[in-house]
Amino acid sequence: MSTQGYANPNSAGNNYSMNSSQNGGGAAATAAPAAPAAPCQNGPGQTYPAMYPASSYYSSALPAAYPTVAGHNAPPAGKTPVSSTGYSGNYYQNSSGPSPCPAPPRTHQYSTSNAPVQSFQQTAPYAMPAGYYRQTYSHPSQGQPQPQPQQLQPSLVPASSGNNLNAPLYPIVSYPSAPGSSQYGTLRSSQTAAEQLPVSTGMPLTQSSLQQYSQGIGTTPTPAHLGYGAPPLSQTATVNGQSNAVQQHYNQNLHNPMSHHYAAAPPISQSPDKERPPSGTPGTSVHSSPRHHPGGDSSSTTTGSASPVPNSYESVEGGGYSDLAAPPTSVPAKQAPPFGYNYPTMHPAYQQNPAPRPDSSPSHGGYNPPGYQPYSQPFPSLSELSSALGGLGGVSELEAETLRPVNLLQERNILPPKHAPPPEPNLSNDLRKVNCSPDTFRCTLTNIPQTQALLNKARLPLGLLLHPFRDLTQLPVITSNTIVRCRSCRTYINPFVSFLDQRRWKCNLCYRVNDVPDEFMYNPVTRSYGEPHKRPEVQNSTVEFIASSDYMLRPPQPAVYLFVLDVSHNAVESGYLNVFCQSLLDNLEKLPGDTRTRIGFVTFDSTVHFYNLQEGLSQPQMLLVSDIDDVFIPTHDNLLVNLKESKELVKDLLNALPGMFTHTRETQSALGPALQAAYKLMCPTGGRVSVFQTQLPTLGAGLLQSREDPNLRSSTKNVQHLGPATDFYKKLALDCSGQQIGVDLFLLSSQYSDLASLACVSKYSAGSVFYYPSFHHVHNTAQSQKFQKDLQRYLTRKIGFEAVMRIRCTKGLSIHTFHGNFFVRSTDLLSLANVNPDSGFAVQMSIEESLADTSLACFQAALLYTSSKGKRRIRVHTLCLPVVSQLSEVFAGADIQAITCLLANMAIDRSISSSLSDARDALVNAVVDCLTAYRANGSNIQPSGLITPAALRLFPLYVLALLKQKALRTGTSTRLDERVFSMCELKSQPLLQIMRMAHPDLYRIDNMTEQAALHLNDSVIPQPPLLQLTAEKLTREGAFLMDCGSVMFLWVGKCCNETFIRDVLGYPNYASLPSNMTEIPELQTMYSERTRAFISWLLESRTFHPAFHVIKDDTSAKTSFFQHLVEDRTESAFSYYEFLLHIQQQMSK
Amino acid sequence: MEAAVFISSLVDCCALIFLSVYFIITLSDLECDYINARSCCSKLNKWVLPEMVAQALATVLMLVSTHWFVFLLNLPVASWDVYRYVKVPLGNMGVYDPTEIHNRGQLKSHMKEAMIKLGFHLLCFFIYLYSMILALIND
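One line per chain: the protein sequences are A and B, in this order.
Sequential numbering from 1 applies to the first sequence in full-length UniProt numbering.
Sequential numbering from 1 applies to the second sequence in full-length UniProt numbering.
Hints are not guaranteed to be accurate.
Said to hold, decoys possible - Mimicking EDC-like on lysine to aspartate or glutamate, the simulated pairs with C-alpha atoms at most 16 angstroms apart in a straight line are:
1. K647(A) <-> D594(A)
2. K457(A) <-> D828(A)
3. K731(A) <-> D97(B)
4. K1112(A) <-> E1037(A)
5. K112(B) <-> E31(B)
6. K680(A) <-> D630(A)
7. K647(A) <-> D586(A)
8. K108(B) <-> D33(B)
9. K108(B) <-> D828(A)
10. K1149(A) <-> D929(A)
11. K731(A) <-> D33(B)
12. K108(B) <-> E848(A)
Claimed, not checked - So, partial list: chain B residues that the calculated Cβ filter (under 8 angstroms) puts toward chain A:
13. A15
14. N36
15. A56
16. P89
17. L90
18. G91
Claimed, not checked - If you anchor each label on the Cβ, the simulated ranges turn out as follows:
19. D918(A) <-> S28(B): 29 to 35 angstroms
20. E113(B) <-> D515(A): 43 to 49 angstroms
21. E113(B) <-> K680(A): 36 to 42 angstroms
22. K43(B) <-> N655(A): 48 to 54 angstroms
23. D630(A) <-> V53(B): 29 to 35 angstroms
24. D630(A) <-> E113(B): 37 to 43 angstroms
25. Q785(A) <-> S28(B): 51 to 57 angstroms
26. C510(A) <-> S28(B): 51 to 57 angstroms
27. F499(A) <-> W80(B): 50 to 56 angstroms
28. F18(B) <-> C510(A): 53 to 59 angstroms
29. K789(A) <-> K46(B): 44 to 50 angstroms
30. K46(B) <-> D586(A): 35 to 41 angstroms
Keep in mind the hints are simulated off the structure, nothing from the lab.
Glycine included, C-beta positions come from ideal geometry on N, C-alpha and C.
One chain only, chain A, in its complex shape (with noise of 0.2 angstroms):
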């Protein structure tokens, strides 16, 4: 299938150049300027240097277009001689003791050249006989046949060497083959064909699927997402009941919309082709697929569609295996009641005593429980927020709700009950229901300032966080011939585009008018004609194209997978050797790929092992290279094999590799020559390195000295050494993120490792950096069962390849700054080798020019990149929001999430590029800045006081909690490598991870009831309130969960409950508690089935598991509970209230 799979995007790129002059020949991806003329932008010239031979895709000499081929044939220039012969001390089979790879004779080895190059059959996708591409054309003039001998030839044509028969008046959608869609295609000839067409088209009724729906995954439905993504769509979601996980397949050419496929039955087809026209083109397609066979065929789904990919889009992409995210959808609960305490207490203490329920205390402060009215209105009830608001005096009322003035001196339940969700831009409903979710697109100030003058008064960041890649319930997939585009900025026509008639629309980032093109003019989902602004692109903000070969640089890459393990004496003693092996062995079948994948095995200690895994070995070879100083490749065969047919050796060497050094006396680790080797190794092809290092390397290229002081751990002065110390893991990234080898690195050491450094070679090539300290998985299970599971999560979930993410902005705007880990390619390109649904982005923006001329500012963010399955696809996300011209708008629509969020992205680069005081100033400073700027421009303002808009009530808390974060805190110990993994999370995760990192999640867990809980497919899960991370909220008689993202800490208190332990701890009482219990048991009483209950509502929404800790009230644990209490005083750090009076005195300076 695969060979399919790749011939139909190809064949529609050949149609697509026939027009490529027109629409811009975006040969480079979403890079492609307009101009055809600049060759350096639109040829793959544009691309990174020797990313491929770009030259020979396109050719036609077909098995040799692939650079591949031709690299792994060749034998390794001066290598392989030189090691048969002279190198034979170097280059040994490994025979020492325990070894189960026999040494065959050398010879074997080192049959390069000529092997049978058994793993490049998936080349043969790309080595096409030419009359693949054949495309017939139908003219619908004449309704006949028109044989293009141009097509005959796969290559980038012009316009205007392309067809003749194109009179190129505007962007010609050409369709091959398509009998059916043929008659309203190609309307370049002068007749109008829209009036023809009802007549002409015979619209072949029932032929094929609108939309398929990948089930498959047993996520709960989650029917509070229905609100977001595809209105119109998502109707017919739930007419089927099928909320979840579903993709929802648009064919460009399909006619019937009721025909839903259920993804998990194979395809069937409604009718068979008897109902295509008879004025259709005849079946000339030379698509060797069987549904393309012209008359009739059974098994179809597009039949006499023109669809160049095949759109039964077999199961979810990709991410088939992962838990799709859900984030927690709260239900509009009503109000919880308002909970005080008596204010000026100071110095919060920790209270021994039995502290009075919360709510029951009455509320001293000006908390105003209605205030919050608007906020705890949750994101999916949009539509029920608007209508109750009722339109834009609601929305003023809103926003004079924001703007309320609140005295943070004297209002201590800030703190709201429940998450509040995201400010709602003030946009009218029509746009504010196609919005983007602010799960994946936000905006730091939902009110974009109209000029940068504006922006400097509020004194707030303006910037943008993007989770472009998370894992989507629900994504209009559409399969077009041309994706339409602007044709001056290349933006992807989007919902807030405006449609001056019915064939010309306005792109809404640089205002250019733009023609429709006749294709877009149908529209699949209501099957209409002439309603382009019905089309699922223009009623979603968040699409996703299926790409055809202009948009690829060279023939989508397959899934390659490349591991390279640390396998010295600390590696083997850590124990991670088994945990990973057995990982990778349960979810080998869930690697995402098809029938190309390919994985291959790379060990070091002070030497590097390449395992060869040639299909019909009896066993696994290991092949041992010693010259770590001029690293390089023992064979080019079977070093990475397909996974497919080289399973069970796969299987093999994963069970023999935890034994195969157990009695290593290895110490040294030669990490850089192992990443060169892994580079060598993946550069024809490209694809994911995961590297496992449990120590500072020591030998050969990349060697790290150790650089951090312990006695320097909790220094108040400055940090040193938290940039790389050496460029050789950056120059290394930058190679792989060329060549398009994305390396994510696993960090398993108790000692000082240098993560600062190493993690330079994920952080520019687009990888995940993990880190798990003092692992062991004997000593530390806790942090042994976080990696299984973070493993699980890693290897199963979505990926991309070659991907490239370019955010465009209204013109206006520009961006200066980008957080996250990716090459920055051009100005607004981010190269990213991988992608991967738990990474986030953050950009930094700036107003170049005034915005007056425009009400609303938009921006793009379109995401291009390989599937797992080998398609070329694009999601494109869109987000519009209103641009205002006033100060107090302007405050009143800022995130304060999303400020925080970046406001430490900031801070992260500025302790790098400066120092970590410098910094932690520059965060005060923003609150600092922003009140002041609010206190002079506001009017009605008492004297006295820290005095915010409602809006950034939290902004003085977060920042104080980013303060307190182990990446920015000084004064408490805290070791090089920890500090530098959390600043390497805080730039790469999304916002909702950050969020939790600073400032975490607090709930009493003990006394949960059932008030105001959720009530979610017949499971209840109560909803506790969010307590203010002091300790005066704890009680001895209570168990509290906090929840900081990566790690969750149940705290049980001295006396607490009893019942409370035994029915959800399982132990009879407190003093028998273990110290280290490390999860809640599963028990069958009412208690613990509401806890486990909400633990995992709380854990739906990520990805990672957290490690769970139970922590005693009296062991030593405690205190890594009580660091995140962050509005408390510690030793050197100020308590909330000490914070707002040094603010306070900042101001008045």
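Please build the complex by placing chain B on the supplied structure of chain A, with the hints as guidance.
Same frame as chain A, but now just chain B:
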């Protein structure tokens, strides 16, 4: 002697002007996306040291020939060159780092710097030219 000093500094200055122009062209190529950050930075980093040496040479020449005014004119530029060369963080790939050049408006500030230097070198060029002619006439 006087003339020789100014002739050599004139030549030096010409080289610096060409270098500034080269910097500007390369940076604007990057701005327009004609080349990628990696190749741009490796191109430019190669010339950071020669530029610094040339600037230092001009400064030293003026010092030894005791032309105090021109020396003081050159000194800040020379010290700035040395300062930014010394201040490159360990993990960076030189004064121009491909991973950071698009961040925090660095590209713009590099561009501005190159422009200012071009202006400065042009000014110096005419000073040297004038002084050279004066010296030749005096001889």
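Results of checking the hints against the structure:
no.	hint	verdict
1	K647(A) <-> D594(A)	13 angstroms, holds
2	K457(A) <-> D828(A)	26 angstroms, violated
3	K731(A) <-> D97(B)	10 angstroms, holds
4	K1112(A) <-> E1037(A)	12 angstroms, holds
5	K112(B) <-> E31(B)	13 angstroms, holds
6	K680(A) <-> D630(A)	12 angstroms, holds
7	K647(A) <-> D586(A)	13 angstroms, holds
8	K108(B) <-> D33(B)	14 angstroms, holds
9	K108(B) <-> D828(A)	14 angstroms, holds
10	K1149(A) <-> D929(A)	12 angstroms, holds
11	K731(A) <-> D33(B)	21 angstroms, violated
12	K108(B) <-> E848(A)	13 angstroms, holds
13	A15	28 angstroms, violated
14	N36	6 angstroms, holds
15	A56	25 angstroms, violated
16	P89	5 angstroms, holds
17	L90	5 angstroms, holds
18	G91	3 angstroms, holds
19	D918(A) <-> S28(B): 29 to 35 angstroms	32 angstroms, holds
20	E113(B) <-> D515(A): 43 to 49 angstroms	44 angstroms, holds
21	E113(B) <-> K680(A): 36 to 42 angstroms	38 angstroms, holds
22	K43(B) <-> N655(A): 48 to 54 angstroms	51 angstroms, holds
23	D630(A) <-> V53(B): 29 to 35 angstroms	33 angstroms, holds
24	D630(A) <-> E113(B): 37 to 43 angstroms	39 angstroms, holds
25	Q785(A) <-> S28(B): 51 to 57 angstroms	54 angstroms, holds
26	C510(A) <-> S28(B): 51 to 57 angstroms	22 angstroms, violated
27	F499(A) <-> W80(B): 50 to 56 angstroms	55 angstroms, holds
28	F18(B) <-> C510(A): 53 to 59 angstroms	37 angstroms, violated
29	K789(A) <-> K46(B): 44 to 50 angstroms	48 angstroms, holds
30	K46(B) <-> D586(A): 35 to 41 angstroms	51 angstroms, violated
The earlier numbered hints that this structure contradicts are 2, 11, 13, 15, 26, 28 and 30.
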